[in-house]
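Enquirer: Listed here are the chains, written in short residue letters.
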Amino acid sequence: MVTNTIDVRDVAKKFGSNPVLKKISLQLPVGQIMGLIGPSGAGKTTLVKAILGMEKVDAGTTTVLGTAMPNRKVMQRIGYMAQSDALYEDLTARENIRFFAELMSVPKSELTEAIAHAAQVVNLNDALDRRVSAYSGGMKRRLSLAIALVQDPELLILDEPTVGIDPELRQQIWAELYQLKSQGKSILVTTHVMDEAEHCDYLMLIREGIALAQGTPAQLEKDYDVATIEQVFLKAGRLQDESHRNL
Amino acid sequence: MRVIAIFKRVLREMIRDKRTLALMFLAPLFILTLMYFLFNTSSDTVAKIGVSRVDTTVVKAIKNKHVKITHYNANATAKDKVREDNLAAFIKQRDGKLTVTYQNSQPSDSALVRQALQGGLTKIKVQALAAATQAQKKALQQQAKVLKTLVAQQQKMAVAQGAKAGTMPIQSQQTKLKAPTTYSITSHYLYGSSDSTFFDTFLPILLGFFVFFFVFLISGISLLNERTTGTLTRLLATPIRRGEIITGYLMGYGLFALVQTVITVTFALTVFQIHMIGSVWLILLINFLLALVALSMGIFVSTFANSEFQMMQFIPILVIPQVFFSGLIPVDQMANWLQWIAHIFPLYYGGNALMNVATRGVGFAGIAVELGILVLFAVLFTVLNVVGMKRYRRV
Chain A
1 MVTNTIDVRD VAKKFGSNPV LKKISLQLPV GQIMGLIGPS GAGKTTLVKA ILGMEKVDAG
61 TTTVLGTAMP NRKVMQRIGY MAQSDALYED LTARENIRFF AELMSVPKSE LTEAIAHAAQ
121 VVNLNDALDR RVSAYSGGMK RRLSLAIALV QDPELLILDE PTVGIDPELR QQIWAELYQL
181 KSQGKSILVT THVMDEAEHC DYLMLIREGI ALAQGTPAQL EKDYDVATIE QVFLKAGRLQ
241 DESHRNL
Chain B
1 MRVIAIFKRV LREMIRDKRT LALMFLAPLF ILTLMYFLFN TSSDTVAKIG VSRVDTTVVK
61 AIKNKHVKIT HYNANATAKD KVREDNLAAF IKQRDGKLTV TYQNSQPSDS ALVRQALQGG
121 LTKIKVQALA AATQAQKKAL QQQAKVLKTL VAQQQKMAVA QGAKAGTMPI QSQQTKLKAP
181 TTYSITSHYL YGSSDSTFFD TFLPILLGFF VFFFVFLISG ISLLNERTTG TLTRLLATPI
241 RRGEIITGYL MGYGLFALVQ TVITVTFALT VFQIHMIGSV WLILLINFLL ALVALSMGIF
301 VSTFANSEFQ MMQFIPILVI PQVFFSGLIP VDQMANWLQW IAHIFPLYYG GNALMNVATR
361 GVGFAGIAVE LGILVLFAVL FTVLNVVGMK RYRRV
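These protein sequence lines are chains A and B, in that order.
Every letter in the first sequence is one number past the one before it in full-length UniProt numbering, and letter 230, counting from 1, is 230.
Every letter in the second sequence is one number past the one before it in full-length UniProt numbering, and letter 314, counting from 1, is 314.
Quick caveat, the hints were computed from the structure, so don't treat them as lab data.
Just so you know, not all the hints are guaranteed correct.
Stated by the list, open to error - Covered, in the sense of this in silico footprint (three residues per stretch, anywhere, with C-beta under 8 angstroms from a C-beta of chain B), are these stretches of chain A: (1) 47-55; (2) 62-73; (3) 168-177; (4) 182-196.
Quick caveat, the model's predicted, so the values are computed rather than measured.
Ideal Cβ positions, reconstructed from N, Cα and C, are used throughout, including at glycine.
With the hints as constraints, model all of the structure from the sequences given.
Expert: Written out as structure tokens, the structure reads:
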């Protein structure tokens with residue numbers, strides 16, 4: 001019985017001589033939403049790519065859905081939304097979703113329904129047959145999310161999913177994430193928007209490639225003796241800088 | 001099937017991009033038409049020659065449809081007249097000696113003049129020879145007459161003397177005196193015909209080049225886009241195999257290359273009535289293989305470019321040199337080391353095979369080696385591509 005959807009142990013990664021991840025460990029229990037928070041350049045995306053097996057790590061292991069990564073087959077059970085929208089601009093939104101659905105081996109008989117459902121979640125039904133080149137930034141973001149959802153994956157890895165999305169739709173997306181969670185799916189979300197962090201079951205604070213703190217939002221606020229996650233983050237950062245100076 | 005998904009997507013993207021499509025299908029036709037007229041009108045060029053104090057027999061002999069002769073007075077200087085009247089050459093005669101001054105800014109014009117001169121002088125020599133033989137013949141006939149009368153007299157005398165000997169050799173000598181042989185020339189062309197032009201000979205190579213060039217550029221830039229927009233990384237976050245991506249690409253662009261070849265070959269055959277001896281199917285096969293090589297090479301090279309502009313920079317390095325070794329310039333007349341270099345370029349093999357099939361009617365067996373080498377090139381670059389993609393995903 002797999003209890004952790006994602007199990008990262010002591011992963012380290014350097015780009016040249018510049019360490020990006022320093023011995024990071026992360027466990028995402030089945031059916032939970034975990035938030036990865038940290039400033040840009042903290043190593044969030046690198047960690048996500050290491051989990052997916054797309055980035056070679058220097059040390060440590062990553063296991064996803066009980067399988068050591070990298071593994072091509074496990075990819076089918078992961079819905080991934082990249083930080084930058086990777087879409088085919090000359091194709092329509094429907095064609096984009098269909099293309100990725102085909103790569104994810106969604107059966108032909110379920111294709112139409114899967115596309116319609118994914119589009120409905122992100123509120124793109126009316127614009128499905130427009131070319132992506134005519135889409136706004138927010139629409140592209142939503143389309144990327146729809147693509148991540150299309151094969152009904154057990155694990156969702158979303159890299160900055162709500163950038164450029166208006167508050168109303170953001171709420172809607174979070175509602176959908178809760179809905180997916182209630183179906184037993186696990187979700188890993190990276191963000192640098194602190195108020196989104198409150199939505200997560202677990203949080204992990206990354207800064208300069210180090211996991212500063214881990215725990216439920218309430219736990220973290222209590223541990224650092226502050227009222228919001230934003231303050232937790234600021235305090236943790238200050239402590240990190242102080243310990244650097246003391247070295 | 002994931003390969004089919006990639007294949008369909010490549011097709012769809014291409015069809016949406018009308019300009020690229022037009023470039024791929026219409027640009028070769030445009031260039032071909034242009035070249036057709038450029039090379040076919042070159043046979044009507046006329047070189048202007050100025051003459052001064054040159055014997056009329058010589059002038060007459062030199063004259064042909066490719067030269068126009070203008071007469072100048074005795075004290076005209078070659079340099080001035082060539083410059084003033086833009087003459088290809090100026091001929092001056094002093095006694096029996098002809099002095100020719102060429103402008104030589106257009107080597108083809110100089111060649112026309114040289115040809116006319118050489119042809120003219122040969123003509124004069126032949127005429128002189130004919131005249132000489134004619135004169136000899138007359139002289140001999142004269143002699144024969146004299147001999148005849150002599151013989152008659154001798155015979156009379158012999159009859160008188162009762163001896164007939166000595167008449168036979170003289171008669172046989174007479175039969176040898178026949179008119180001098182005149183030569184007429186009948187030409188046979190091993191390949192093509194007397195109206196074969198530069199265009200006919202090199203069209204097959206050009207076809208191969210177009211396919212290579214456009215497929216190289218379009219496929220390379222297309223995969224580069226896939227890389228720079230992040231879709232390649234996104235693709236590799238699906239269970240797709242690296243080989244499946246490359247195969248999908250090969251199928252998609254291979255199909256376009258095939259359509260392009262069919263259009264260009266059909267155009268050349270029907271509109272320009274090109275002489276093509278060998279099988280059209282073989283031409284298509286060679287072009288298809290060339291397209292596969294261009295495709296895998298373009299994709300491979302695109303990994304070393306970070307923008308479309310950097311992709312263009314590979315054209316002078318990788319594409320233009322191939323033109324030199326494709327057979328447009330005879331490779332077997334090159335320096336030895338250049339001939340060796342020729343062997344590293346796919347277009348050398350493609351051009352060779354195309355030329356052999358189109359102008360010499362060689363069959364499949366005759367070009368099997370070239371085809372094999374093209375396949376090897378395609379396989380080599382495809383393997384390199386699949387391995388090279390490891391940097392995006394480790395499996």
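Enquirer: Indicate, hint by hint, whether the structure satisfies it.
Expert: Comparing the hints with the structure gives:
no.	hint	verdict
1	47-55	holds (count 3)
2	62-73	holds (count 4)
3	168-177	violated (count 0)
4	182-196	violated (count 0)
The earlier numbered hints that this structure contradicts are 3 and 4.
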